[in-house]
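K.L.:
So the chains spell out like this:
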Amino acid sequence: MAAPESGDGNNGAARMVTLISSDNTRFEVEAAAASLSQTLQLTILDGGGGGGDGIPLPNVDSATLSKVLEYCIKHAPAAANGGAPNATAVDRAELERFDNEFVNIDQSVLYSLIMAAHNLEIEGLQSLVAKKVADMIKGKSPMEIRRTLGFPDPTPEEQAEMNAHMLEYGWAYE
Amino acid sequence: MDIDALAGGGGGDRLTRLSDGVLGHILSFLPAPEAARSATLSRRWRHIFAAVHTLSFNESDRRPNLQDDDDDDVRSVWSLDCYDHPPTRPPRSIPAPPFATGVLAALLGRHRGAARARAPLRAIRVRFDIFIEAASATAVDAVVSYAVLDAGGDLRHVDLRFGGGPIICNREYSLRQHGPASPPCTNDYAVPTSLFSCAALHTLRLGPCKLNLPSTVTLPLLDTLHLVRVTDTGTTNIQRLVSACPRLADLSLKACLDLTALSVLGTRLRSLTLKCCHDLTSVAVYSSQLETFKYRGAVPPPSFLTMHNGAHHISWCALDFCGDEASDPAQLVGLAAFLQLFTSTKYLRLKSARLGCSIGHGIFSSLHGFPVLSHIEITGMVPDGDTAVVTTIRRILEWTPSLEIMSLFFLPELEEIEENN
Numbered sequence: 001m002a003a004p005e006s007g008d009g010n011n012g013a014a015r016m017v018t019l020i021s022s023d024n025t026r027f028e029v030e031a032a033a034a035s036l037s038q039t040l041q042l043t044i045l046d047g048g049g050g051g052g053d054g055i056p057l058p059n060v061d062s063a064t065l066s067k068v069l070e071y072c073i074k075h076a077p078a079a080a081n082g083g084a085p086n087a088t089a090v091d092r093a094e095l096e097r098f099d100n101e102f103v104n105i106d107q108s109v110l111y112s113l114i115m116a117a118h119n120l121e122i123e124g125l126q127s128l129v130a131k132k133v134a135d136m137i138k139g140k141s142p143m144e145i146r147r148t149l150g151f152p153d154p155t156p157e158e159q160a161e162m163n164a165h166m167l168e169y170g171w172a173y174e
Numbered sequence: 001m002d003i004d005a006l007a008g009g010g011g012g013d014r015l016t017r018l019s020d021g022v023l024g025h026i027l028s029f030l031p032a033p034e035a036a037r038s039a040t041l042s043r044r045w046r047h048i049f050a051a052v053h054t055l056s057f058n059e060s061d062r063r064p065n066l067q068d069d070d071d072d073d074v075r076s077v078w079s080l081d082c083y084d085h086p087p088t089r090p091p092r093s094i095p096a097p098p099f100a101t102g103v104l105a106a107l108l109g110r111h112r113g114a115a116r117a118r119a120p121l122r123a124i125r126v127r128f129d130i131f132i133e134a135a136s137a138t139a140v141d142a143v144v145s146y147a148v149l150d151a152g153g154d155l156r157h158v159d160l161r162f163g164g165g166p167i168i169c170n171r172e173y174s175l176r177q178h179g180p181a182s183p184p185c186t187n188d189y190a191v192p193t194s195l196f197s198c199a200a201l202h203t204l205r206l207g208p209c210k211l212n213l214p215s216t217v218t219l220p221l222l223d224t225l226h227l228v229r230v231t232d233t234g235t236t237n238i239q240r241l242v243s244a245c246p247r248l249a250d251l252s253l254k255a256c257l258d259l260t261a262l263s264v265l266g267t268r269l270r271s272l273t274l275k276c277c278h279d280l281t282s283v284a285v286y287s288s289q290l291e292t293f294k295y296r297g298a299v300p301p302p303s304f305l306t307m308h309n310g311a312h313h314i315s316w317c318a319l320d321f322c323g324d325e326a327s328d329p330a331q332l333v334g335l336a337a338f339l340q341l342f343t344s345t346k347y348l349r350l351k352s353a354r355l356g357c358s359i360g361h362g363i364f365s366s367l368h369g370f371p372v373l374s375h376i377e378i379t380g381m382v383p384d385g386d387t388a389v390v391t392t393i394r395r396i397l398e399w400t401p402s403l404e405i406m407s408l409f410f411l412p413e414l415e416e417i418e419e420n421n
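Residue numbers (the UniProt record's numbering), protein chains in the order written: chain A, 1 to 174; chain B, 1 to 421.
In case anyone wonders, no lab produced these hints; they're calculated from the structure. Since we're looking at a predicted model, the values are computed, not measured. One or more hints might be untrue.
[What the hints assert, rightly or not] Pairs of lysine-lysine residues, derived as DSS-like cross-links and limited to a Cα-Cα distance of at most 30 Å, are as follows: (1) A:Lys131 - A:Lys67; (2) B:Lys294 - A:Lys74; (3) A:Lys138 - A:Lys67; (4) B:Lys346 - B:Lys294; (5) B:Lys351 - B:Lys294; (6) B:Lys346 - A:Lys74.
[To be verified] A few chain B residues that face chain A, going by a derived Cβ cut-off under 10 Å, partial list only: (7) Thr16; (8) His25; (9) Pro31; (10) Ser38; (11) Ser42; (12) Leu341.
Glycine included, C-beta positions come from ideal geometry on N, C-alpha and C.
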């Protein structure tokens, strides 16, 4: 599962980098996995994150970061394979199973992941978590969506405004 | 960066604090009319629909009880009639608005909000179960033309399906006679030609429809091309389209009946699917990376598939022969030559009228076998008292020293099906 490294001239054993969460926990991870993050990729290509240095991530707490890295480690081999159009059906099914399981989580964890995926620019993870929220919304009435997403109940003014808006969007409800 | 948002707070508040782009990304996974409807959620969400990068229109949503294909389906949008009620009414109880109404309203909806939220489109998806050309062609034209313009040369994924149901033709696995190959239903609609000049296009799925190409086709980044029941107005249009895609990795042609010869010059091709293109007699592949090959049709003539750079990377292979089990010498020679191409495969799926029993014929005894094949799956009918299948299985076992799993699926005999009907 050690993905071949490219671009940084290293050979032999997979290069490791250290990431430091907002609460100062250090995570050592293969460069190939961490490079799924567009934000980190450049730093890593420049040789950052190795040795005792570590890359600080002040926006991501350790619980979220460990979850993010779980995703990156799982997806790194397929990503190294160029999106893997050639992946076998078995490999794909396994990744899909992993993904489904991965987002089967508390809403608060999900939101933390959305923000971390966004900040770290991990494309696959961004889509995975966005799709999960979309699935939570799908087929529901606006009021149900508000409840599902944990919006506070609307004030009477807000309710009136929403109702007015409803009329404008009547076509979508026909 | 959304540092504050990490601090916690109510879930909805946290979500709402995300940038327009992130919220737009979420709505991009919903059918367009449903995504547009999010404008009614709260003030914050009013203009988010303008930030979606994908528009999906799913005509089949309006008939939720009809068969679904196995692709990622997008659920019901149209059946919601008022703010506070979930869609509990039985489906079909209200007439759906014309497809065009939803499309035009959604396109307008993208321009309703503040200009700052606007994100260019990256992908469009349109899916019909039944495409009634006169009623829907203008709306589909509008979606495509709008997307090409809106994306500003950066449209990446286009998926336009104008018919549901089984994709492949209804030639049968017959023990007795060939049924006449009934023409699959086709569609005279042709998508706007501006689509074929989108230089950023990565994925194009199209059909059933007519293929009308502009004089110049340039799709330098296209890696996935799937055509289903595409009729070819110029007879060489499919070839022209394929030739315009140097980076093609995944090519799938299903029931493209006008196609007689195909040449794939691109060297990156990894997956090739040819199903029910019954007039196709010659295919040339120049990629040395082909890994997956899927075929359905009659037993091909000996020179059907030419792999100019070798077939040694093919590791996954599905062959589905319709019509009678091959029996005359010409067919058997063709079948032997065809199988010989796939001796490097690890996974083989074989489907034929009589469980591949033509392989039992003497002509196959010279075949070198499949040294690395680990999985084989064979499907077909076994008539009473048919012992040819025993010879076949024995030969396959001789051919496959690395075999781990063999699965046999027995189809009911055609005769019985007819009687039951």
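K.L.:
Checking hints one by one. Is Leu341 of chain B an interface residue toward chain A, by the C-beta closer than 10 Å rule?
P.N.:
violated (18 Å)
K.L.:
For the pair supplied as a hint, Lys346 of chain B and Lys294 of chain B, confirm whether the alpha-carbon distance does not exceed 30 Å.
P.N.:
holds (14 Å)
K.L.:
Below or equal to 30 Å on CA atoms is what counts here, so check Lys138 of chain A against Lys67 of chain A.
P.N.:
holds (25 Å)
K.L.:
Below or equal to 30 Å on CA atoms is what counts here, so check Lys351 of chain B against Lys294 of chain B.
P.N.:
holds (11 Å)
K.L.:
Are the Cα atoms of Lys294 of chain B and Lys74 of chain A separated by 30 Å or less?
P.N.:
holds (28 Å)
K.L.:
Min Cβ distance, Ser38 of chain B to chain A: is it shorter than 10 Å?
P.N.:
Given a least distance of 7 Å, the restraint on Ser38 of chain B holds.
K.L.:
Could you grab the alpha-carbon distance between Lys346 of chain B and Lys74 of chain A and see if it respects the 30 Å cut-off?
P.N.:
holds (24 Å)
K.L.:
Hint His25 of chain B vs chain A: min CB-CB distance below 10 Å?
P.N.:
With Cβ-Cβ at 5 Å, under 10 Å, it holds.
K.L.:
Check whether the Cα positions of Lys131 of chain A and Lys67 of chain A lie no farther apart than 30 Å.
P.N.:
holds (17 Å)
K.L.:
Measuring from the C-beta of Ser42 of chain B to each C-beta in chain A, is the shortest one below 10 Å?
P.N.:
holds (7 Å)
K.L.:
Answer holds if the nearest beta-carbon of chain A is closer than 10 Å to that of Pro31 of chain B; otherwise answer violated.
P.N.:
holds (8 Å)
K.L.:
Under the criterion of a CB-CB separation shorter than 10 Å, is Thr16 of chain B in contact with chain A as hinted?
P.N.:
holds (7 Å)
Checked against the numbered hints listed earlier, the structure breaks hint 12 alone; every other hint is satisfied.
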